Amino acid sequence: MNDSRPTQNTRLACPTCDTLYDVPVSGGLTCHRCHTILVAPARRAGLLTLLIALASLGLIYGAITLPFLTIKRFWMSNDATLIQTALAFEGPLLVLSLVVLALILILPALRLGLTLYVLTPVVLGAGALPGAATVFRWSEALRPWSMAEIFVLGCGVALIKIVAMAEVMFGPAFYMFAAAIILIWVQDRLTCRHSLWEAVEHG
Amino acid sequence: MAEAVTARSEGLVGCQRCGRVWDMGTPRCGRCGAKLTSRAYRNLGTVWFFWALGIIAYIPANTLPMLETRLLLTTSDDTIIEGAWKLLTHGSVGVAIVILAASVLIPLAKFAAIAWLALSVQHRLPSSPKWRHRVYEAVELIGRWSMIDVFVVAILSSLVQFSVLANVKPGPAALAFALSVIFTMLSALSFDSRMIWDLDDDPALAGKRDNLTAVKKTAPTQR
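Heads up: the protein sequence lines correspond to chains A and B, in order. Read the first sequence against this note's numbering and you will find it ends at 207, with the numbers running on by one and no gaps. Read the second sequence against this note's numbering and you will find it ends at 233, with the numbers running on by one and no gaps.
Calculated from the structure, these hints are not laboratory results. Be aware that one or more of the hints could be misleading.
[Stated by the list, open to error] Facing chain A, according to a computed beta carbon distance under 10 Å, are these residues of chain B, among others:
1. G55
2. L189
3. D208
The model shown is predicted, which means the values in this text are computed figures rather than measured ones. Backbone N, C-alpha and C define an ideal beta-carbon position, used for all residues, glycine too.
Please model the complete structure; the sequences and the hints are all you need to start from.
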């Protein structure tokens, strides 16, 4: 397929504004009209990205199992894990529990898993796994729906709201989750989507 | 302003998922499998559909209680605005501002922004390109953050569980609010941003709606 249209693979169109570019031989490329990053400056950060994705998954696993927040008031104290927090909506609002769980935990973890599926063979120099293109496309489509970072800021807001009536402590899971979010953000910045797509296409 | 070289002006269609370019009329991206559209003008119907659903869901989100707080013998059902007002009067000005910004200012601004961008494309409303770009970027960047209020409600109600002494329960507005945020995100995601940048290129055609149909005629196979 590429051989019949050799010129088109050296060009790319900005997904946000359709500006057409020649892919530079080296270095990054940022769209001059809409400032979308089209080619990341560090194209060969694959191994680092892979390690960061693995570390994030490990941190998320820890964040699920350890206590997330603890509240103390009167003579009582109450722990909440991350999953308990997501499942706070009951009865007719149960569906909202599932939505929150998906937005803060399932989708971020799923995206990391999809990234590993696409990235691992590329880093190892092996051919792309079956369906890698579809997997990567889905991982990209799910990006706006992964809201773990918004949830962490929500913890801060909730904390300020109840600090007057009770004592709240962050558990180890909170710090692990916050660290995972920072790592995911770094990984997102490092990933050169253009190079990864090229690798998926050419095996 | 010089006309920008776009995939469309070169007779090509760019994939919005992976950036690969194909000949105009190619139905699907051969690399990532996404559907190819030069300009998703028809998606504007979807944009307005989800926009309307978002507004419909936003009404109960503000009239129904967001949090049901029980402290000893007193129970209070607070809507978003009542909750923020209480925070203000108790001196937590900063949190009140965050809550009001995330649950009132940002959603309302987002409804207005999407409507304005869609109308700009449909009716070629006069405005500066810089403004259109900034508004689009803002919708992309901060729209998701409205969900914070739903998360705050979840955290509060899972933590504050001291049987009869103090108890916080989520109210039905949380569901309506989450739906409103999801619908507006779907609305914004259905919007083909490339049409915003098209407006920069043909100031001479401003006000002429048939410009878009003219483009469609030259590329009959696009969907």
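Here is how each hint holds up against the structure:
This hint is violated: G55/B has a C-beta 21 Å from the nearest C-beta of chain A, more than the 10 Å allowed. The beta carbon of L189/B is positioned within 10 Å of a beta carbon in chain A (closest approach about 9 Å), and the interface hint is therefore held. Among the interface hints, the one on D208/B holds; its C-beta lies about 8 Å from the nearest C-beta in chain A, closer than the 10 Å criterion.
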